[in-house]
Amino acid sequence: MEQNVKTLLEQFRTIAANPKKAVEDHKAETGKGAIGMMPVYAPEEMVHATGFLPVGLWGGNRPVSKARTYLPPFACSIMQQVMELECDGAYDILDAVVFSVPCDTLKCMSQKWKGSAPALVFTHPQNRGLEAANRFLEHEYAVLQEKLEEVTGVKVTNVALEQSIQVYNENRAVMREFAKLAAEYPQVISAVDRHAVFKARMFMEKSRHTALVRELMEAVRASDPQPWMGKKVVVTGILVEPDGLLSLFDELGLAIVADDLAQESRQVRVDVPEGDEAPLYRLARVWQNMYGCPLATDTKKARGPMLQDMVRKTGADAVVVAMMKFCDPEEWDYPIYHRQFGEWGIRDLMIEVDQEAVSFEQARTRLQSLVETL
Amino acid sequence: MSVKQLSQMSAKELLAYYQAKLDEEARQAKANGKLVCWSASVAPPELCVAMDIAMVYPETHAAGIGARKGALDMLEVADRLGYNVDCCSYGRVNIGYMELLKEEAMTGKTPEVLANSPAARVPLPDLVITCNNICNTLLKWYENLAAELDIPCIIIDVPFNHTMPVSEESKAYIADQFRNAISQLEVICGRPFDYEKFHAVRQQTQRSIAQWNRIATMSQYKPSPLNGFDLFNYMALVVCARSRDYAEITFRKFADELEEKYKKGESAFKGAEKNRVAWEGIAVWPYLGHTFKTLKNQGSIMTGSAYPNIWDLTYDAEDETLHSMAEAYTRTYINTCLDNKVKVLRGIMDRGKCDGVVYHLNRSCKLMSFLNVETAELIQQANGLPYVSFDGDQTDPRNFAPAQYDTRVEALGEMMDQAAQTAGE
Ligand code: SF4
Ligand code: SF4
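Sequence order for the protein chains is A and B. Just so you know, the first sequence maps onto residues 0 to 373 in numbering that gives the first Met the number 0. Just so you know, the second sequence maps onto residues 0 to 424 in numbering that gives the first Met the number 0.
Just chain B, same shape as in the assembly (with noise of 0.2 Å):
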């Protein structure tokens, strides 16, 4: 540790530091020789940490190539390579930034783009692990990454929930394949697996998602000590290091700092919050500061979003039939029937006690878009409140206008405007 002792720091420097180490991390296990792994957001790392694999993210990867507007580039190469703009955005910057690693891995010379990217370098993966549970596009993505590498794919798939709860058939289902996916570890890793530490990585996992949702609630203050637009950046940690202490530390600090402010009575708004809203979706990483101004500017905080909540995964750590595990990673919500997806949104709604709604209707994520229009009729007859729907991406910044966008939250705007003042009549 060289500048300043862990404990010294603040939760925003937690995140950043614990960002930078685990790409580190993922470089040195590359330079000795160690796997690595590329794996979907919300597939379950408990596996392939017990086994020291290092983890790498790519959609975590390719949104912080998004954020720092590098995303054209990468773009351009899945372009070339025949992949459709049509297919989800962040599988085309990952398959871009592979095949430029590829490039350089065969040449011995790194491409000009790479060189000029401000994407974090990660190394190529050894293996690749991929879970449906928040679309079946990772299941094509993933395929081509195995193909194009030929290196083995791990998969856990979570059949979508036509009807909740989720049957005892599923749960029996994904949890043989925790157990498949074991055996497919022993083989790659040539050793056995580790079931000691599994049961311990398993344990860290749910301190870290205990102190995650531990921030999601500080959403419930008015005023909200917590900026939902924070979730999205804190996100990173939830998706890459559930499985480690780093996540926990950091969330604690966090939640604590949180605390802290709400017990001073300060608001995350330098100014009043005026009305509170919840997001539904994705954040558009290349414009996600546009996206927050654009609220707060009209006095709007975000204090609800089901996207983070995503990783809530709370299990039994203890149970070994790995039956809660497995129930865990396929009840997310946009995995279950429609019915469900509008409960836990208005939960979420509820809780962040929003007045209204925006809805991203995103190019690139298909299963997050088709259902906006029925979710926001349902949960409108539900709680009567209003909501608007903008044009975006999550990380092709060509789908999304700044000026719709600010068209759009601008009428939201008025209309919890108009709500406010009519309940204050």
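So here's chain A without its partners, still in its complex pose (with noise of 0.2 Å):
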């Protein structure tokens, strides 16, 4: 059984390392192509709708030279990867790229994408309670669903859609689970091959990806859980790359019991909503209904309780902030946070996050010495 989970953590680690080959591959399957999907949030239900592989564009982590000329040095670091892929022509496999524009960034990105295939852009609104807000979004996701289906050939169907929607909610609901089994076996699954399993998602046509997580989930529990003798982490931020920084995690012992992670439980933190409105329109509900990140505007301020929540239900003794570098709306949330945290006496850590950083001397001491006081 311990074969079968190595086996398997192998396997989704191989693929998240793959993203070209998981393009060729679903091309030769089913002579479709595939669809770039910025961050953050996407309807990606209505590109999976049309057979078309949906893949996350998340950076990745080369030295970044070519991007120099398009972006100054305080674009965030998953930015700058981005634009030296774009140069590189790394995403000119894709029949084109979804791109949503939540940030101020992003909404430059989009206007300056290098890459050949179209950028097809859509907007989310912000005054996100209103009913007016999920009837602009719907209108939104008409018109990209429009152009996806001129790149693409396919016509969307409501049928389709609903299909989609299902193995979707059936996917996110799964990597919920997965996340607190993960919490439940930190010397089983490693923070690094949490974080495979996370971003094989992004590669994966969703009810494979859900069938293989099944399927790892159950090797795992073949065993019994076992006291972790670490201390526990919630991380939250946009992503925690590369392996290089996840890997302290394991060296130091410290578990990431829940993550808050743009890139990992974000992604699946919202569910479509069941109902009898058109499928467009309920996808639009998502975004109304997410919570907890710098992107989907709150005048509240729920991430705080949240994450407080986050720590008390998985007892953890700390929340790491994997803190993007030179992402402004991840910077204007934590002062609020790190505020509350320090009224409710929840220790928190902030690291940098560089993806294209190749040493982590500066995270290992900070980590380190968290540990040596919690």
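Simulated from the structure, these hints should not be mistaken for laboratory data. None of the values given here were measured: they were computed from a predicted structure.
Here are some, though not all, of the chain A residues that point toward chain B, as calculated from beta-carbon distances under 10 Å:
hint	residue
1	105
2	107
3	108
4	121
5	125
6	127
7	328
8	329
9	331
10	338
Residues from chain B that keep clear of chain A, each with C-beta distances beyond 10 Å, as calculated:
hint	residue
11	5
12	112
13	115
14	187
15	265
16	343
17	401
18	419
Below 30 Å or equal to it, Euclidean Cα-Cα: the simulated DSSO-like pairs (lysine-lysine) are:
hint	chain 1	residue 1	chain 2	residue 2
19	B	263	B	3
20	A	113	B	342
21	B	29	A	300
22	A	146	B	342
Where a beta carbon is used, it is the ideal one built from N, C-alpha and C, also for glycine.
Mind docking these for me? Both chains are given alone in their own frames, and the hints should help you get the complex.
Right, dumping it as structure tokens:
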């Protein structure tokens, strides 16, 4: 059984590391291409319904050079990577790229796309409590759908869309379950592996991903959870990459018992609601129901209380803030929840995330002293 | 009216007078238990003004602090609170200021930094209103104000126009938000919304904007009676008082003065204007004088800037659906696709008969920086004019190096001279 877990995790790691192969395999198998999904949120179900493979474009780990021409140094690390990949032609195997623009950087990125595939841009409304916002977004989605149909040559029917919604709701539920399982079995699922399971999600057709995660969970559950001697943390931010940064958590015995990362759990936080309304409208409702993310405007600032709740439920010893370098939406949230943590007696530690990084000494020192003082 | 009658004041005097008056009104409102609202610079004031709420504009306030060299103290407070230096310095200056006011309100003692600050004294808000037609930073910043002060936040969300013209759906969504804001205001104020006054305020806003636009047209003349940097100063009133007659009166006076100058064949410059530049981006407030003088010393006058033009909020004040007003508030050039942005900027350059462009790569403002390369390339392809870029920041003085600016501007001067020479041959 243990062997099985290892093999499965290896599989996730391989998929997570080879998006290009995922696209090629999909093409070979279905004759259909792939659509890039820029961070952070988009109605991926719609792409799924065309039979094209949605592929997450969450940066990489290259030295930034060509991107320097187009972005000043104070653009966030992930978009520096994306720009570098654009310039390198890495995205030219895609048939189109879906772009949302919930931050100032993404607005600009959507207007300076250097890839050969067309960029399909849509805007999320930010006055999210209003019904008018749902209607506006539903219309944005309708326009996006038309553009997708044109690119893919596939008509998106409501039947197909409903099926895709089901596939995605199921996958999200499974991933939420997986995150809990990973918290119970930190000895079996390392921080690096946990991330790979989430990341593979961005390059796999979702029903297959669901099946593979289920298989993994079953294999893991075959043995009993063991008491964890290390410390437990909740991580919050955009993402924790590269693996070198994540492996510090493993080295230092810090189990990630829950995450609030844009690339991971925020993607599976909210399901498409059930109901009789048209699927596009229900897809739009997802954005209204989203919470705890700096890109989803919230004048009540519920992120702090949400993180507090996560800490309470998981018994975490601290919150690690994985601050994406030069990500202003995240930077604006920090002072508020940081102050709240102080009031609530929750320990927190900020580390910088730079996807380009190759050495992690500063993060190591910081995490180490956190471990020692917990 | 004390020393001078309003009618005898120059535009410059009117500007100073009304700016001080607006701050005083806000302080009085607070003292009398009336509501004070802090507002984003291009959020619609029409709604609050219709309800007699005193308005304060943090961006303008922060710019003033920056210009008076008081930004660093405020930035330090924000720094202590955990605000990364990457966050827009307007926001950080304002959060720092807010924190000091809060401390004062809670302890009854004025913190030393506040007492010594050159900042104009403005009161804490009872509500805030924001609009993301210039950036989404204004959503994050105002979320924090609302959270820190535990006060209501009115949001007017204008979705980024990735496709132009503005869609009907977008206008409908924005107009719905105006209506929603009205009901929010009724609850906050505890009385019914004054629709009649709202109508009058919209009309007033249009009169102010018409005079504002009149000023901007003056840069079309050669030599230009208008020094474009003056617009940066007068901007304070188009931000803070466009829904009041303060703006209209001041701008009319200024436009009259400029017309007079033009008729007399006078230039904004004492010397001759050698060439004319467009300025893309916000001013560098702590170094406003320096940035101006460097240009002036080489005989360059600024005759085009798209930034002040953002407040060309012309709409149909009689349109009760409010779609026209919605359209005006969402079409700001930085809230639109690159094609449209370029089109607007080109128009400004054409109108100002500019010979080159200075791009401000603003460390504080991602939205007004990350498309500079593409904008500059497209514009140059279209009109062949030279450009330079310099690193700056609108209120954090640490992010501007006068020497770099001077070198870049000189280089532009040379390129423009060269072009003029070639054209003359
Ligand atoms: S600034 Fe933040 S939210 Fe925006 S693209 Fe960069 S990482 Fe994403
Ligand atoms: S300077 Fe830029 S980021 Fe700051 S408030 Fe103005 S538009 Fe927004």
